[in-house]
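Peer 1: Listed below, chain by chain, are the residues.
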Amino acid sequence: MPLLKLENVTKRFGGLVAVDDVSLEVRHGEIIAIVGPNGAGKTTLFNVINGVFLPDGGKIHFEGKDITTLPAYKRAPLGIGRTFQIPRPFGSASVKENIAIGGMFGAQGHSMSVDECMEMADRYIDLIGLKGHSNKPAGGLTPTEKKLVEIARALAMKPKLLLMDEAMAGMNPKDIDHMVDLIKQIRETEKIAIVSMVEHIMRAVAGLAERVMVMHQGAKLVDEPTKEALSDPRVIEVYLGHPPEGTVADR
Amino acid sequence: MNKTLTKYLPLFPVLAGYFLLFLVGENLEGKWQLIAMLAFYCAVGQAFNLFMGMTGYVDFGYVAFLGVGTYGMAIAISSWPDKGLGLWLLVIGLLMAIGMATLLSLAVGAVALRLRGAYFAIATIGVNEGFRYLIEGARLWNGSEGIIFTAQLNTAFGREFANVLATYWADVALFFIAAFAAFLTLFFLRSKVGYALTAVRTDEDAAKVIGINVTKFKIIAFIASASLAGMIGAVSWALKLTYVFPPDVFAIHYTVEAIIIVLLGGAGTLLGPIVGGLIYGLSKYYLAVILPGFQLLIFAPIIIMIIVLFPEGTVGVLKKKVQGTAWEKIIV
Amino acid sequence: MVYEQLMGNLIQGLILGGIYGMATMGLSLIFGVLKVVNVGHGQFIMVGAFITLWMFNSLGVNPVIAIPFSFLVGMLLGFLCYYSFVKRLLKGPELASLLATFSVGIILEETIRLIFGSEFRGYNWALGKIRLPFTVLPYTKLIAFSGSILVAVLLFLWFKKTRAGTALRSVVEDSLGARVCGVNVDWQYALSFSLGIGLTVASGVLLTMFIPVGINPNMGGQYTLKAFVIAVLGGLSSPYGAFFGGIVFGLIENGSYTLFALLPNVEPFALTRFLSFVILLVILLIRPTGLIRTK
Numbered sequence: 271m272p273l274l275k276l277e278n279v280t281k282r283f284g285g286l287v288a289v290d291d292v293s294l295e296v297r298h299g300e301i302i303a304i305v306g307p308n309g310a311g312k313t314t315l316f317n318v319i320n321g322v323f324l325p326d327g328g329k330i331h332f333e334g335k336d337i338t339t340l341p342a343y344k345r346a347p348l349g350i351g352r353t354f355q356i357p358r359p360f361g362s363a364s365v366k367e368n369i370a371i372g373g374m375f376g377a378q379g380h381s382m383s384v385d386e387c388m389e390m391a392d393r394y395i396d397l398i399g400l401k402g403h404s405n406k407p408a409g410g411l412t413p414t415e416k417k418l419v420e421i422a423r424a425l426a427m428k429p430k431l432l433l434m435d436e437a438m439a440g441m442n443p444k445d446i447d448h449m450v451d452l453i454k455q456i457r458e459t460e461k462i463a464i465v466s467m468v469e470h471i472m473r474a475v476a477g478l479a480e481r482v483m484v485m486h487q488g489a490k491l492v493d494e495p496t497k498e499a500l501s502d503p504r505v506i507e508v509y510l511g512h513p514p515e516g517t518v519a520d521r
Numbered sequence: 441m442n443k444t445l446t447k448y449l450p451l452f453p454v455l456a457g458y459f460l461l462f463l464v465g466e467n468l469e470g471k472w473q474l475i476a477m478l479a480f481y482c483a484v485g486q487a488f489n490l491f492m493g494m495t496g497y498v499d500f501g502y503v504a505f506l507g508v509g510t511y512g513m514a515i516a517i518s519s520w521p522d523k524g525l526g527l528w529l530l531v532i533g534l535l536m537a538i539g540m541a542t543l544l545s546l547a548v549g550a551v552a553l554r555l556r557g558a559y560f561a562i563a564t565i566g567v568n569e570g571f572r573y574l575i576e577g578a579r580l581w582n583g584s585e586g587i588i589f590t591a592q593l594n595t596a597f598g599r600e601f602a603n604v605l606a607t608y609w610a611d612v613a614l615f616f617i618a619a620f621a622a623f624l625t626l627f628f629l630r631s632k633v634g635y636a637l638t639a640v641r642t643d644e645d646a647a648k649v650i651g652i653n654v655t656k657f658k659i660i661a662f663i664a665s666a667s668l669a670g671m672i673g674a675v676s677w678a679l680k681l682t683y684v685f686p687p688d689v690f691a692i693h694y695t696v697e698a699i700i701i702v703l704l705g706g707a708g709t710l711l712g713p714i715v716g717g718l719i720y721g722l723s724k725y726y727l728a729v730i731l732p733g734f735q736l737l738i739f740a741p742i743i744i745m746i747i748v749l750f751p752e753g754t755v756g757v758l759k760k761k762v763q764g765t766a767w768e769k770i771i772v
Numbered sequence: 011m012v013y014e015q016l017m018g019n020l021i022q023g024l025i026l027g028g029i030y031g032m033a034t035m036g037l038s039l040i041f042g043v044l045k046v047v048n049v050g051h052g053q054f055i056m057v058g059a060f061i062t063l064w065m066f067n068s069l070g071v072n073p074v075i076a077i078p079f080s081f082l083v084g085m086l087l088g089f090l091c092y093y094s095f096v097k098r099l100l101k102g103p104e105l106a107s108l109l110a111t112f113s114v115g116i117i118l119e120e121t122i123r124l125i126f127g128s129e130f131r132g133y134n135w136a137l138g139k140i141r142l143p144f145t146v147l148p149y150t151k152l153i154a155f156s157g158s159i160l161v162a163v164l165l166f167l168w169f170k171k172t173r174a175g176t177a178l179r180s181v182v183e184d185s186l187g188a189r190v191c192g193v194n195v196d197w198q199y200a201l202s203f204s205l206g207i208g209l210t211v212a213s214g215v216l217l218t219m220f221i222p223v224g225i226n227p228n229m230g231g232q233y234t235l236k237a238f239v240i241a242v243l244g245g246l247s248s249p250y251g252a253f254f255g256g257i258v259f260g261l262i263e264n265g266s267y268t269l270f271a272l273l274p275n276v277e278p279f280a281l282t283r284f285l286s287f288v289i290l291l292v293i294l295l296i297r298p299t300g301l302i303r304t305k
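Residue numbers (our numbering), protein chains in the order written: chain X, 271 to 521; chain D, 441 to 772; chain B, 11 to 305.
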């Protein structure tokens, strides 16, 4: 049984079709990259999986359970975690508190006390390498540090699936490599599936993802293992904006 | 055990402070009314803080909960003074006050708490007036004439004791309510409820994605805040004054004061509303000597300044300063 | 007999509704452009009422003159508020601007109270009456109604036809895009805010033409609630919706008064006030963005 299954999911905003009949399967422990230019519908897709938006058509199944119309706050404890493109930690709370909050309301939240969540937060702070910043208000961190806090907070939710939205946007190559290692480490130790959304960072895609799904104008264009995707002319066209042969097609 | 002690450490100075305040009132000649007023503002501030401070939503109709609480007690005393219930009459009155306030908060919350930010404020702005005009319009509980129950209180307790109840024990009860409000605040802050509300206050959409049922927690804070207000009204307005009059107990004036107190002191903190209550109460009392009736005019611009310059309030600023030091454990 | 009374009240309600509507346009304009809810709305109306009172009683000036004068005073107040704090609160939490506008309302109320005292005042501008089917209408009310319609039309034309108005519409649609086109968004915000306040204060004048008594510093609060009901009825960000919402509200208010007056053992005036509040909650429950679809 796949961990996440999207069947013909469609989402419209007025006349605009943001997500167009997308079907996708994510298996336990997989790492998938969703690529596509701005406006391809990636963030909307994430929002639909999360429950921020309800789809206009299609179904979503998580571990066999139909979550299509489930409210967002009920999906999180099932095991769906999310980080945002522009990190949104709770600014006035400390790093430790932020991560602990993830634990309090996540998949194991019911069985954990506030203190236990705080202890768990310490462990994640070590994992992301922010040891000295435990008690600092999250609002005062650098953007990269905020991203790390968001990831740790999402991990504290003990998700089975982690949706990462442009986790590496705006980073220099060294940080990107660190992030790639971190994600791999997370997959190993936490045994979760990761769906990572990247716009065009080849480094991240090549080093990380087992499968690539390409989105274009809301629809799924390509869905295949990374090796094939990297040499697929359709994928290259999406990146370059024109077919690899150099002929400019009319749009 | 040690953990609990550390967690609730900040409560001890607060309780000590209230006790000290009480002693001052007891022993200083003629200052009891001032002390009672300070206790009132601290209590109202803390009660209001439970909702506005924690969730970041403004309930402009807040005084309605004080008002219905007053009615709860008033109805109890005026209806059953001759049943020989003794002090149980007051317990019933208190329970009715809490009950009515809770019911009203559920009714208002059912509509208003589904709404975001500005719409919530709009929904609540007429609650106090609306309820007042319901009472007057439908002539509930004597309508616009209100209820005067001095005579009934005398019947229930005898003239002398009734007098002591109204002039002394009503105010003492207020201290207990204020202490309870402090405990409740700290309890929230240290529990999942408090953290959930922090998340809701900061970023409601992110909170949902984390798994927080924002509506549930907003309702919890709303009801807690409302029922405390009901208790305060029952004691500080009904029992103390022995009458209830709709235009008095539903006046938006008190919501304004509550807002001032919470913002001045520090929204969402334990000490904030207490500090705010003390500052506001003392200012009002001493201003009344030189510039009577001016206090709102003086405080309203101060509120604007606070919102623009330091929205965390006095205690909020203090918290930042003591971060990393030992004081961090007590300035909460 | 009841029927005639009802019809008479409804006509009065229609007229008053037009004024209510105009009074709410400022609120909707400010919310539509800046997403700020002016909780001190009613107090600005009260200021307009007092300006009229003062000009008539102390200076012997015709209230019609008070209209543009109040409008200017309103715009001045608007600019003052915008540049001193509203501007800074635009990016912050909603709570901040709510409380700030609320505080401004308090400042206005207390200032007027300290200058003029809390008593109920009025003025007497006797121009005679006109006979209409079902009811008698003082000319003053007619002038007030015409004034409201005139202002609404002027606003409409200003938005559609002038450069400044078009720029403002662009800011509502897409502030980033407008910025790119060279529109000074900050100035547009300031202008909208001040325009909104100006309209609100001016509406206070028109209101007193309809109700020239009971003018006191505390009168603002009830109008804030009514304005919210109307704004929610007509769509919170649409000034035109607000106008029509006002008319609907005026009709409901007067109509319900007539009906309540028929019931035994109630106080109809208080019940009408309660009804407005219930309407607000019901609309917010069903459709918070407003019942009337207008652009």
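There may be inaccurate statements among the hints.
Here are the simulated PhoX-like cross-link-like pairs (lysine-lysine), alpha carbons at most 25 Å apart as the crow flies [to be verified]:
| hint | chain 1 | residue 1 | chain 2 | residue 2 |
| --- | --- | --- | --- | --- |
| 1 | X | 406 | D | 447 |
| 2 | D | 656 | X | 428 |
| 3 | D | 760 | X | 428 |
| 4 | X | 335 | X | 401 |
| 5 | D | 760 | B | 101 |
| 6 | X | 401 | D | 656 |
| 7 | D | 760 | X | 406 |
Chain D residues, not near chain X, derived (Cβ > 12 Å throughout) [said to hold, decoys possible]:
| hint | residue |
| --- | --- |
| 8 | 574 |
| 9 | 582 |
| 10 | 584 |
| 11 | 591 |
| 12 | 608 |
| 13 | 635 |
| 14 | 640 |
| 15 | 646 |
| 16 | 649 |
| 17 | 652 |
| 18 | 725 |
| 19 | 752 |
| 20 | 758 |
Residues from chain B shown here face chain D by an in silico Cβ test under 7 Å; the list is partial [to be verified]:
| hint | residue |
| --- | --- |
| 21 | 104 |
| 22 | 110 |
| 23 | 117 |
| 24 | 273 |
| 25 | 276 |
Derived from the structure by calculation, the hints contain no laboratory data.
Note that the structure is a prediction, hence the values are computed from the model and not measured.
Yeah, the Cβ is synthetic: ideal placement off N, Cα and C, and Gly gets one too.
Peer 1: Give a verdict on every hint.
Peer 2: So, going through the hints one by one against the coordinates:
no., hint, verdict
1, X/406 <-> D/447, "19 Å, holds"
2, D/656 <-> X/428, "22 Å, holds"
3, D/760 <-> X/428, "32 Å, violated"
4, X/335 <-> X/401, "38 Å, violated"
5, D/760 <-> B/101, "22 Å, holds"
6, X/401 <-> D/656, "34 Å, violated"
7, D/760 <-> X/406, "10 Å, holds"
8, 574, "34 Å, holds"
9, 582, "45 Å, holds"
10, 584, "45 Å, holds"
11, 591, "52 Å, holds"
12, 608, "40 Å, holds"
13, 635, "5 Å, violated"
14, 640, "10 Å, violated"
15, 646, "4 Å, violated"
16, 649, "5 Å, violated"
17, 652, "5 Å, violated"
18, 725, "33 Å, holds"
19, 752, "8 Å, violated"
20, 758, "15 Å, holds"
21, 104, "4 Å, holds"
22, 110, "5 Å, holds"
23, 117, "5 Å, holds"
24, 273, "10 Å, violated"
25, 276, "6 Å, holds"
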